[in-house]
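Protein chains in written order, with my numbering: chain A, 3 to 236; chain B, 3 to 236.
Since the hints were made in silico from the structure, they are not lab data. Keep in mind that this is a model prediction, so the values were computed, not measured. No false leads were mixed into what you were given.
The calculated DSS-like cross-link candidates involving lysine-lysine, where the alpha carbons are at most 27 Å apart (straight line), are:
id, chain 1, residue 1, chain 2, residue 2
1, A, K4, A, K47
2, B, K151, A, K158
3, A, K47, A, K136
4, B, K158, A, K151
5, A, K158, B, K136
6, B, K158, A, K158
7, A, K136, B, K158
Protein chains: 2
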Amino acid sequence: MKLQLYELAGADGAVRFSPHCWKARMALAHKGLTAERIPCRFSDKDKLAFSGQDLVPVLVADDTTITDSWNIALFLEEAAPDAPSLFGGEAAQSLARFVNAYANTLIRTSLFPLIAMDIYDSIAEADRDDYREKREAFLGAPLEEVAAKRSQAVHKFRELLDPVRTLLTTQAYLSGDQPRYADYCLFGSFMWARCISNFALLDPDDSINDWRERLLDAFDGMARQAPRSTVALA
Amino acid sequence: MKLQLYELAGADGAVRFSPHCWKARMALAHKGLTAERIPCRFSDKDKLAFSGQDLVPVLVADDTTITDSWNIALFLEEAAPDAPSLFGGEAAQSLARFVNAYANTLIRTSLFPLIAMDIYDSIAEADRDDYREKREAFLGAPLEEVAAKRSQAVHKFRELLDPVRTLLTTQAYLSGDQPRYADYCLFGSFMWARCISNFALLDPDDSINDWRERLLDAFDGMARQAPRSTVALA
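Please take these sequences and the hints and turn them into a complete structure.
The following block contains the structure:
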């Protein structure tokens, strides 16, 4: 099966920071699959026209085009049934979707203000004006102002991770004693930040650090070795 | 198997409002099991001394005593393996624990202020002074003051339900096309409120209402028919 994954890219095309693309990348690695990874900047969305929509990730598997990270996970689960399961059964798949919804609502909404300025500084010049206009309308304030308040705003993000913190007192991963797609759904949010920001999302003694470190180490350190923007490395 | 379930009770001993006891009750019903239900008011905790701790629910199954609603669910899953599964497999069990943690942290913390005064008004006279003292210390304000602000505070509770709302656009229950223990973990919070309060937790057009109604109807309307305090019925 020939695989191509279209991923959101920063000014440095090697920096791939979309949380949803990271879900797809981790899912591919979980299945032991390798895809050609094609960078796509915000202003490159023409590249995605073939998919009938303009959002990444897009996975092309031979002649099949799959959009949306959730659909990509379902496709991979079916296409590679002999590889380790992404879900661990039907009921677990339904609950993984809850974790995905948790990451896409509470976590995304509280995390975005913490890194919105760093994203701006990490994307291509050509992408910046449009990004600033749309995100400032969403945030209701200039990016600089939102960034100046992040030391306070981070407390809400950390509080919203309480379910994860509680869970990790009794098990190593959200999915049990090994990571599965539910873990990648949340981990994608952390990779979103890691690739383009050096802001400390967690307290040093937060138990979630250990979980994140284990996932950074997974698949021979794939996520740990992923290129980060100059802003992230500053 | 002879089963006894110790449940928290209000001034009217028939009113059983603990969210954790509701998890255990729904789990028993899911397994098609019936327990003798023993009321236990806050000031009746002596009744639980045999269990070596003072929290409800406590399940006694023949000669075995099980404390903590999560342990009770695990016990029932093993004790009644031929009845419908509470989890739907090992990976789903791990993720159900995440939903339980979500209910026990974000949902409980945002819901409690909305019903704290109504709980006070629904419990026995003998329980009230101790309840007020401890809960006001926790809330940092008098119960009356917390109650007066609940029309504003409810917005945070509703926002924290966003993952549920998002999930229910694509499936009927958190656990998929049928309810399982993960659903009961969250539903327990709604029963906590329903038994002792008439405050509208959800907007009338919130899709979570449909999910809640279906669970009120489950097991021949067991939850819908559960006695409610005079405060809840006012």
